[in-house]
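Peer 1: What follows is the residue order along each chain.
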Amino acid sequence: MEDIALILVEAVSAIICFFLLWFMIKPYRVTGESRYIGLPLGFAFLGASYVFMGLSLYFESFRFVEEIKWLQLFTEAYAFAFLATMYFFSKKPSERSRLWLNLIYAGLVFAAVISYLVVFEDPVFALPIYKTVQEYFKIFNIICLAYISFYTLRSHASNPDPKTIWIPFAYLLLSFSQYSFLIWSIDSSYAAYIGAHFLRLAFLVIFLFVSYRAFYVPLEKPRKMETSNEETAA
Amino acid sequence: MKKLPRRDKMKIYGDLLSILNETSSEKIVLTRIQLKLNVPFDRLKTYIAEVKELGLIQDETSLKLTNKGKQYLREYKKVLDFINQMGLTYQ
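Chains A and B are the protein sequences, given in the same order.
Residues in the first sequence are numbered consecutively from 1, following our numbering.
Residues in the second sequence are numbered consecutively from 1, following our numbering.
Here chain A stands alone, though its shape is the one from the complex (with noise of 0.2 Å):
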């Protein structure tokens, strides 16, 4: 019962992403801007991670299910690698800052497909154990969203606009929510475990809310346009 549970929030939450992803790469493509490409990046990994923890719950006395909890492992590190990556880069768009961030993305590409070819070749590259990795590595996303979550509350403060507080609010959710996914593997906490996919899906939620708000609640701005030109023609 637990499990059909848990498994539904994985599959709640990679739909949420993967429907977040049509968004996502509306900047990229409005502007053409390669610094963009993260955000979609990003949550194509995150939903990824998603689908592959659901199928390791899934399928738990699968061949595999070893590997595909590795791939998860990957997959969500990739994906706030991208995201933080996409942060730092985002107000410098220099021809410099350009080759940086490309051959950063690229060397993430090729990690991914290395890291990948690595679970699934055992017998040449012995993997460590499991349980250590996941540890190291929910540090290396809590230092991600971190960075992301100050970047955004900082970018919020520089602007303060009562729309912008929702996305640093939604990424030290996620932050919180890695957080209670590492004290779960410490310490095998079940609140922890339950509490870190709660904040997971209020993240989700929230990035839908303001994705919605943003591209289908009409802007005030051009309402007012509208009105001036009509006087204009009257």
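It is possible that part of the hints are untrue.
[What the hints assert, rightly or not] Straight-line distance between alpha carbons at most 25 Å, and here's what the computed DSS-like set of lysine-lysine pairs gives:
#1 K78(B) x K91(A)
#2 K70(B) x K45(B)
#3 K9(B) x K36(B)
#4 K68(B) x K26(A)
#5 K11(B) x K64(B)
#6 K70(B) x K26(A)
#7 K68(B) x K11(B)
#8 K36(B) x K91(A)
#9 K91(A) x K77(B)
#10 K77(B) x K26(A)
#11 K78(B) x K26(A)
#12 K9(B) x K91(A)
Treat the hints as calculated values from the structure; they're not laboratory data.
We have chain A already, so just place chain B on it with the hints.
Peer 2: Chain B alone, transformed into the frame defined by chain A:
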């Protein structure tokens, strides 16, 4: 003096359409648009010709936005708002 960041064409088109949309068609003065857009006059003329070719404005004299132009501007502003809400900047 602080150097302004280099804008790409998308940003310039967006800013130009935004200025044209805010200015009533009777009051359109190219030099005023040039000042608002902060580009040299010859380049402004080129940009106007380009947005005309893209079908975003009706003609180069009235500079009225077409439906396609208005739709582009709406999408552009929504994306800018989204970028801003995501804690990112678009220079």
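Peer 1: Each of the hints needs a verdict: does it hold here or not?
Peer 2: Taking the hints in turn, this is what the structure says about them:
For the hint linking K78(B) to K91(A), the alpha-carbon distance of about 20 Å falls within 25 Å, and the restraint holds. Between K70(B) and K45(B) the alpha-carbon distance is near 20 Å, which keeps this suggested pair within the 25 Å criterion. For the proposed pair K9(B) and K36(B), the alpha carbon gap of about 16 Å is at most 25 Å, so the pair holds. Of the supplied pair hints, the one linking K68(B) and K26(A) holds, its CA atoms being roughly 18 Å apart against a limit of 25 Å.
Proposed proximity of K11(B) and K64(B) is supported: the alpha carbons are some 19 Å apart, at most 25 Å. For the hint pairing K70(B) with K26(A), the CA-to-CA distance comes to about 18 Å; that is within 25 Å, so the pair holds. Restraint check for K68(B) and K11(B): satisfied, since their Cα atoms lie roughly 17 Å apart, inside the 25 Å limit. Distance hint between K36(B) and K91(A) is fulfilled; the C-alpha atoms sit about 23 Å from each other, no more than 25 Å.
Between K91(A) and K77(B) the CA atoms are separated by roughly 19 Å; this keeps the pair inside 25 Å, and the hint holds. Using a Cα cut-off of 25 Å, the hinted pair K77(B) and K26(A) holds, with the two alpha carbons roughly 12 Å apart. At most 25 Å may separate the alpha-carbon atoms for a hinted pair to count; K78(B) and K26(A) meet this at roughly 10 Å. About 18 Å separates the Cα atoms of K9(B) and K91(A), which keeps this hinted pair within 25 Å; it holds.
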